[in-house]
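Place chain B on chain A using the hints.
Protein chains in written order, with my numbering: chain A, 299 to 555; chain B, 299 to 555.
Calculated from the structure, these hints are not laboratory results. Since we're looking at a predicted model, the values are computed, not measured. Mixed in with the good hints there might be a few duds.
The list cannot tell twin chains apart, which means a pair is met if one copy fits it or any two copies do.
Unchecked claim - No more than 25 angstroms apart at the CA atoms, straight line, and that leaves these computed lysine-lysine pairs for BS3-like:
1. LYS477 - LYS516
2. LYS318 - LYS497
3. LYS457 - LYS543
4. LYS549 - LYS470
5. LYS460 - LYS549
6. LYS497 - LYS385
7. LYS516 - LYS543
8. LYS457 - LYS549
9. LYS385 - LYS470
10. LYS460 - LYS543
11. LYS460 - LYS318
12. LYS301 - LYS516
13. LYS549 - LYS443
14. LYS388 - LYS301
15. LYS516 - LYS460
Number of protein chains: 2
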Amino acid sequence: MSKPLILVTNDDGMFAPGIKALVEVASQFGEVVVIAPDSPQSGQGHAITLTSPLRLNKVDVFEGIDAYECSGTPVDCVKLAKSVILKDRKIDLCVSGINHGSNASINIIYSGTMSAAMEASIEGIPSIGFSYLDFSFEADFTSCKYYARQIIEYTLNQKLGKASLINVNIPKLTIDEIKGIRVCKQAEGNWTEDFVESKDPRGQSYYWMTGEFYLESKEDDTDIWALNNGYVSVVPSMHDLTDHKAIPSIKGLENSN
Amino acid sequence: MSKPLILVTNDDGMFAPGIKALVEVASQFGEVVVIAPDSPQSGQGHAITLTSPLRLNKVDVFEGIDAYECSGTPVDCVKLAKSVILKDRKIDLCVSGINHGSNASINIIYSGTMSAAMEASIEGIPSIGFSYLDFSFEADFTSCKYYARQIIEYTLNQKLGKASLINVNIPKLTIDEIKGIRVCKQAEGNWTEDFVESKDPRGQSYYWMTGEFYLESKEDDTDIWALNNGYVSVVPSMHDLTDHKAIPSIKGLENSN
Numbered sequence: 299m300s301k302p303l304i305l306v307t308n309d310d311g312m313f314a315p316g317i318k319a320l321v322e323v324a325s326q327f328g329e330v331v332v333i334a335p336d337s338p339q340s341g342q343g344h345a346i347t348l349t350s351p352l353r354l355n356k357v358d359v360f361e362g363i364d365a366y367e368c369s370g371t372p373v374d375c376v377k378l379a380k381s382v383i384l385k386d387r388k389i390d391l392c393v394s395g396i397n398h399g400s401n402a403s404i405n406i407i408y409s410g411t412m413s414a415a416m417e418a419s420i421e422g423i424p425s426i427g428f429s430y431l432d433f434s435f436e437a438d439f440t441s442c443k444y445y446a447r448q449i450i451e452y453t454l455n456q457k458l459g460k461a462s463l464i465n466v467n468i469p470k471l472t473i474d475e476i477k478g479i480r481v482c483k484q485a486e487g488n489w490t491e492d493f494v495e496s497k498d499p500r501g502q503s504y505y506w507m508t509g510e511f512y513l514e515s516k517e518d519d520t521d522i523w524a525l526n527n528g529y530v531s532v533v534p535s536m537h538d539l540t541d542h543k544a545i546p547s548i549k550g551l552e553n554s555n
Numbered sequence: 299m300s301k302p303l304i305l306v307t308n309d310d311g312m313f314a315p316g317i318k319a320l321v322e323v324a325s326q327f328g329e330v331v332v333i334a335p336d337s338p339q340s341g342q343g344h345a346i347t348l349t350s351p352l353r354l355n356k357v358d359v360f361e362g363i364d365a366y367e368c369s370g371t372p373v374d375c376v377k378l379a380k381s382v383i384l385k386d387r388k389i390d391l392c393v394s395g396i397n398h399g400s401n402a403s404i405n406i407i408y409s410g411t412m413s414a415a416m417e418a419s420i421e422g423i424p425s426i427g428f429s430y431l432d433f434s435f436e437a438d439f440t441s442c443k444y445y446a447r448q449i450i451e452y453t454l455n456q457k458l459g460k461a462s463l464i465n466v467n468i469p470k471l472t473i474d475e476i477k478g479i480r481v482c483k484q485a486e487g488n489w490t491e492d493f494v495e496s497k498d499p500r501g502q503s504y505y506w507m508t509g510e511f512y513l514e515s516k517e518d519d520t521d522i523w524a525l526n527n528g529y530v531s532v533v534p535s536m537h538d539l540t541d542h543k544a545i546p547s548i549k550g551l552e553n554s555n
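One chain only, chain A, in its complex shape (with noise of 0.2 angstroms):
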């Protein structure tokens, strides 16, 4: 069997230390291009730049390893990869992160990380999102790496099933501390926003967002509850947004006029 090709894509661009730890790790299964953007770009959820042009270029940040930035979103990273960089190539798997920061819960919906896997499963290449919860520079990624090689294997061997994405995340603990791997769905929370206003120094006002995150789910089956009990967490994830429930429920909206 050939080498696996692997593409490593991240939110936070290609100097972040967690896109470094996953390069580490997926080198050691398979041949690895990199492509990151340019600037940091988290929050962009799946946003994709359609009236501008975008730029490419080649550097020279991971030793014997392919990498390029792009001005672009995460998603037109692995749009730009699969079709320009590794036009006529089968991309085995996709990995993207190690993000600075949870994407458990709601925060799937605005992170630049899990859009970008998403973006590639559903290109149809198995893809993973890693997500640190530890937002600092220094951040220590020894368990995330750990845990990354696990499931990269996993992931290698076929072992995903039906699953084409999964979002993990990955508490802030030491390799001893952290008691497993949970299997589990994505809670249901969200953000209180608050927009600190200022005035700028011509006297006109300006927004800042902040927000705090609070957990609807109280089940011991979600995302946000496997971290807060010390094991990582995967969810798998999908692109089919339909409320298939819902439909019977609508119905009536066919025969309303």
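What follows is chain B alone, placed relative to chain A:
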């Protein structure tokens, strides 16, 4: 009963004919407040603005209706409306659009229109995204307004049941030609991307995204089927991205070390 409070938003900005049509319809049902991005935000998905401040300006566009322009994304607009403009008031309905172009199938993922509506639904507000399969600035919104009226009335009568977000797409047909409404699921489909490569005046390459949609679903219960067969498509949608069916199939991950 007091008049319902209806938030109108979009991703094409305040001067798109689509939002004008939607304001016109919504005004027949209640008090309308409009917030729209100050520049076109197509393809912005669920992006939010974290690293720069937001501007919010009251504008005089629709007679007798409070309207605001925001410098951020469609999701930022909804967050600002809820937390700043309409703080302490209950929003009874959020309508987004009418988008110029389809948001059926996988397009929901990239759509600023649908992400704005989804953001409102995450906040617990019943929400509807409307899209019209006509990109033209001169598009005739007569049939859109006819169906928007019907669907808004149905929603305000609290008949959405378990659904809190619906994705409505309207075919480019006259009222007489449209066969009615179909409640359906999101079709499986994707874009085959192509990037047009060109050189700037300094000889540097740039890439411009283009692509063609291809449909994978063959069933007759999808949004694309409905639209291709002369129906208005309505898909109940949600922000739980968990692939619940896949959970049992990857339980092996819990014992992978």
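Margin query: Tell me the numbers of any earlier hints that the structure contravenes, in ascending order.
Written below: Result: hints 2, 9, 11 and 12 break, sorted rising.
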